[in-house]
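A.B. asks: Residue numbers (our numbering), protein chains in the order written: chain A, 1 to 329; chain B, 1001 to 1329; chain C, 2001 to 2329; chain D, 3001 to 3329.
Hints are computed from structural coordinates only; laboratory data are not their basis.
By construction, the Cβ of each residue, glycine as well, lies at the ideal position given by its N, Cα and C atoms.
Honestly, I wouldn't trust all of these hints.
Said to hold, decoys possible - Footprint (simulated), chain C over chain A, 3 or more residues, beta carbon under 8 Å:
1. 91 to 100
2. 267 to 280
As the list claims (entries may be wrong) - BS3-like mimics (lysine-lysine), calculated; alpha carbons at most 27 Å apart, straight line:
3. 2308/C with 1161/B
4. 2132/C with 2308/C
5. 3161/D with 244/A
6. 1244/B with 2283/C
7. 2283/C with 3283/D
8. 3161/D with 3092/D
9. 3283/D with 3244/D
10. 1244/B with 1132/B
11. 132/A with 92/A
12. 3244/D with 161/A
13. 1003/B with 1291/B
14. 1283/B with 283/A
15. 3132/D with 3291/D
16. 1308/B with 1132/B
Residues per chain, in single letters:
4 protein chains.
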Amino acid sequence: MLKFGLLGAGRIGYTHAVAINALSNASIAAVFDPVDEAAARIQDMSGASRASVDDIMADGAIDAVIIATPTNLHADQIEMAARAGKAIFCEKPIDLDVKRVRACLDVVAETNTQLMVGFNRRFDANFVNVRKQINNGAIGTVEMVQITSRDPSPPPVEYIKVSGGLFRDMMIHDFDMARFLLGEEITEVSATGSVLVDPAIGEAGDVDSAVATLKTASGKIAIISNSRRATYGYDQRVEVHGSKGMVCAENMRSTTVTVANEQGYTAEPLMDFFMERYAEAYKNELGCFVKSVLENNTITPDGNDGLKALELADAALISLQTGETVTLT
Amino acid sequence: MLKFGLLGAGRIGYTHAVAINALSNASIAAVFDPVDEAAARIQDMSGASRASVDDIMADGAIDAVIIATPTNLHADQIEMAARAGKAIFCEKPIDLDVKRVRACLDVVAETNTQLMVGFNRRFDANFVNVRKQINNGAIGTVEMVQITSRDPSPPPVEYIKVSGGLFRDMMIHDFDMARFLLGEEITEVSATGSVLVDPAIGEAGDVDSAVATLKTASGKIAIISNSRRATYGYDQRVEVHGSKGMVCAENMRSTTVTVANEQGYTAEPLMDFFMERYAEAYKNELGCFVKSVLENNTITPDGNDGLKALELADAALISLQTGETVTLT
Amino acid sequence: MLKFGLLGAGRIGYTHAVAINALSNASIAAVFDPVDEAAARIQDMSGASRASVDDIMADGAIDAVIIATPTNLHADQIEMAARAGKAIFCEKPIDLDVKRVRACLDVVAETNTQLMVGFNRRFDANFVNVRKQINNGAIGTVEMVQITSRDPSPPPVEYIKVSGGLFRDMMIHDFDMARFLLGEEITEVSATGSVLVDPAIGEAGDVDSAVATLKTASGKIAIISNSRRATYGYDQRVEVHGSKGMVCAENMRSTTVTVANEQGYTAEPLMDFFMERYAEAYKNELGCFVKSVLENNTITPDGNDGLKALELADAALISLQTGETVTLT
Amino acid sequence: MLKFGLLGAGRIGYTHAVAINALSNASIAAVFDPVDEAAARIQDMSGASRASVDDIMADGAIDAVIIATPTNLHADQIEMAARAGKAIFCEKPIDLDVKRVRACLDVVAETNTQLMVGFNRRFDANFVNVRKQINNGAIGTVEMVQITSRDPSPPPVEYIKVSGGLFRDMMIHDFDMARFLLGEEITEVSATGSVLVDPAIGEAGDVDSAVATLKTASGKIAIISNSRRATYGYDQRVEVHGSKGMVCAENMRSTTVTVANEQGYTAEPLMDFFMERYAEAYKNELGCFVKSVLENNTITPDGNDGLKALELADAALISLQTGETVTLT
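Work out the full structure, taking the sequences as your base and the hints as a guide.
C.D. replies: Set out below in structure tokens:
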């Protein structure tokens, strides 16, 4: 039985608490959130006590923490938890500054801490299956990856301003997916972007539509396209081409219903909320974390995966600004 | 908060207990099952006490029962529960004998009991959406319904022998679905069947492949095809044709992954277990029952729906034997 | 080089003439049609001379005839052509009266004439491929066939009155397709039908919506559903279930385009005209006929196939009227 | 009636001749090809006379030429035909050297000649429909275009060496498609590529896998991915995202047949030959050219379209070599 301290009981913290609650080998023992209602909701569901961050770190009965606080607190809380000997599940990103991430990961390494970074898409049944097909040799050697990722609508501009920008906030998931599917480190990044959805995003210094091209040392290529708008729902697809074939994952739908009439054949729009689309992935993610900690297995995706994705985002941003391909060392 | 007594803790009883457990407005208070391990599993999960059927019926703190015992006990237990003033969720069928069902429903009526019969497919998101499209007028007036329902593989012949036969055991779900989608009572039944999958099923006096044609007073037609075998998984589809168009629900898959190579484009087989395919439907079903009881709403599908489906199964069996269309009064 | 006399230059006669014209090993030498414009159109296209039916039959340079005249002339013209030693391609049906068909086929047999009956769907690439998959063992032994065939809209009631009724006019194609796919003769027929589309069709003594269930001696089952209306286009699908799997042919579309927006994902309606849907099949059909005649091969579908389909239509009509399953000898 | 001189009777010249032959308003009057068999095949089919290039240019009865000779002859023959007052259909590319193309187009302009460049995909029913949906406002303002174009297998290395390289030989079609779908000129090009399919292609100085990112002045983005290998057939897809939705064209297949068994649901591979895939497009293309010339309409795609696509290919090649985004003026 793994006892958790939950740091941050907002939307995503609550999602993780529900996942923990459904597990027979884990529980939420304590919850921290400055907002009373948020903390109370977790307490009602799980019987957790309410505590401060320091209390949680000091509580020897707590084995692990879930860090679901605002991004700017992640790195500090990871370091605290690492020094307190707790296993850590942290929402991505660790930090928006690569240097801060590296320093934080040094502490994780020194303390020999188990750390998972929350790239939830790696736990989606579709993408897991794509990876499995690749591993089984179904498409031979991977050559090219295409990732399409489009949000239903942009977040508030106030969020955009503190988000680190599209590459660090949104495409970071796709950078991780590209690494997951390519199976080889990326050495070159080229990116471009535009403001097509909302001028206010441009005024905030960000883009809302972007494309990145990635390349590995052996010449494998990945292309990612992102948009902050998709009227037909949350569009999440990958396709991987290899020497012997292709494997792809199409979008999920709530139902398989089609209506046909004089206008044609119509299927419903896609789910339009990432927490609905990835509901099962969030559960699988926490289940995998708990199992890995209890069995002392290697954890994936770990801090290094979080760092690599951020480095790719930074490289993409430089490429956008300079028009040049950025080489990663 | 609705407190349940669970009668029968086998595979389907356990499924219902899990569904109840996940609800915030219901709980399993007591469980009856002659098998220690089965009862214990429910107790561990829910904190229920173990009890006899009589105990459960006599316990004034228990509001409702789930009847998931063998079929031959259903009618008696419904009557007991009805007289004890409990709301009842009963697995289909109420009984294999129409007369016994009618007598049982008389008791339900006299005691003014809330009874739901477990036609789980009515709670599947796909079929619910099909019904919703019809209600919304998307296809005009319903004219023809086509239902395809094929099991991955036949049950053991020992089960076949006590099952009541394909029409009462398997196609009964489709008879209910036909009624659900037609929106009008069926007045004529014609059916045929063959032994194509396993000669032992024929020796047991049953068929393993069958087709039924149903007709309503206004001339609407439904056709149902069943087989006890489908190598590609559990095949469950409906399509409804109306004066203005068509609405259909295709099969569900675990993932949306396709592999393409020299042999073509291949998607995975269908889920091959009904409890996996209808996992969400089972949850929705109990959730709906609990809500209906707590709010004192009309319950659907009710005892009459169970009776009607059985009458259609009996008529189909007669048609199979005589080669004649059977008229229902 | 096969020289044809074309009897009847209406819509379907013209289609066949175009197909012949595109072949390098056949030509239209003479055309008969009482309508000047119809005959002239063929002459312009092919350089054919205009002739009477008698002229064509007497012309020793003409090797074969295409009979595309009104149905009531088919049997007489087949007999004339058979006695004149010509190979015959005749549009279905040979006649609406089974006795007349049998007498006609006696003449065909006595004269050892090559006769193809125009069941064009057997030459559609999709259904040919379905048959090929069956022959290749892809689905094991055939067990159940499902055929859906729905016209975009009903023909004029004047046509309905002389058509022989839905079973002989429309479902006859599906009876032939069932025989083509089952690979075994049908021994039992059960059918039902309704007037749901147009009351005038009912007043003309016909139905506009119908279902038939067919069974072979070994117990294989076929179900056919027909409607005279489908707002979404000309709906033509088959699926065949066997001991090892299933093979199906979905509808054809003019394009693969989908539009996605807030209302969902929409593909265009189906083609809504049978001559567009089966354009390639008509070409393949005549090409196959020409090749078979030139190489003196056995011709399929032949007169017996035309007879069998008509017998099934008659049996279906009796079953509709009596509510009983009709056994074929 | 438009009379053609056909220059070059190889594979593509023959295809165009077949298309002309099927038209009622055009014919092949003369054919030039140094290979006897090639010329004879055209003569047999169309009754054309055999002639030299000079004869064709000098023949006042010839209204138009089809230039289907090797690429290095295109520009000279366009100029000859332009000066001879003939309408011109020329296979792409006009030349591999942008300067030569510009000089050639100057002659076309001076002589006021009607010139179509053979970007056949603009005449494919799918892509035509995509463009039509955009024109009809189905997706609002175009924002992002994704084009996937993968050949079944690479051409011989000897061809690669004279082809001008992947960007000028293969992706040039996609550059034209991007322009066709974006509806706005491209101002920035970034590209990368790898040798993943055949090292001999790399030794010949070319790549076999490549990606290009294009951008317009208003910020619209197009991404193109190409590979010289696709085991599952000739992969040709586009999707266009706009402010109000998305429109896409999926691959075409020969049939709609699916086989389902224990391994899953399998549809056939794609057609694997571009001339089969685009058979109808080639016919539409010539039909459109003939109509445009006879009615003296503006011709699209014209010489400028050929030039623009080549400029994009050159820009992509520079970007591949420098790692920098290339700005077009």
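A.B. asks: Each hint needs a verdict: does it hold in this structure or not?
C.D. replies: Verification of the supplied hints:
Proximity of the region 91 to 100 of chain A to chain C, defined as three or more residues with a beta carbon under 8 Å from a beta carbon of that chain, is not established by the 0 residues found. Counting residues of the region 267 to 280 of chain A whose CB falls under 8 Å from any CB of chain C gives 3; the rule of at least 3 is met. For the suggested pair residue 2308/C and residue 1161/B, the alpha carbons sit about 39 Å apart, so the restraint of at most 27 Å is broken. For the proposed pair residue 2132/C and residue 2308/C, the alpha carbon gap of about 22 Å is at most 27 Å, so the pair holds.
Under the criterion of a C-alpha separation no larger than 27 Å, the hint pairing residue 3161/D with residue 244/A is consistent with the structure, at around 25 Å. About 33 Å separates the Cα atoms of residue 1244/B and residue 2283/C, which puts this hinted pair outside 27 Å; it is violated. For a cut-off of 27 Å, the pair hint linking residue 2283/C to residue 3283/D stands: about 18 Å separates their Cα positions. Taking the CA atoms of residue 3161/D and residue 3092/D, the gap is about 17 Å. The hint holds against a cut of 27 Å.
Taking the CA atoms of residue 3283/D and residue 3244/D, the gap is near 33 Å; set against the 27 Å cutoff, the hint is violated. Restraint check for residue 1244/B and residue 1132/B: the C-alpha separation of about 15 Å stays at or below 27 Å, so the hint holds. A threshold of 27 Å between alpha carbons decides the hint, and for residue 132/A with residue 92/A the separation of about 24 Å falls inside it, so the pair holds. Only pairs whose Cα atoms come within 27 Å are accepted, and residue 3244/D paired with residue 161/A is accepted, the gap being roughly 25 Å.
About 12 Å separates the Cα atoms of residue 1003/B and residue 1291/B, which keeps this hinted pair within 27 Å; it holds. Simply put, residue 1283/B and residue 283/A have alpha-carbon atoms about 17 Å apart, close enough for the 27 Å limit, and the pair holds. Annotation: proposed proximity of residue 3132/D to residue 3291/D holds, straight-line Cα distance about 20 Å (limit 27 Å). Among the hinted pairs, residue 1308/B with residue 1132/B is consistent with the structure: their alpha-carbon atoms are about 22 Å apart, no more than 27 Å.
When each numbered hint is compared with the structure, violations occur for hints 1, 3, 6, 9.
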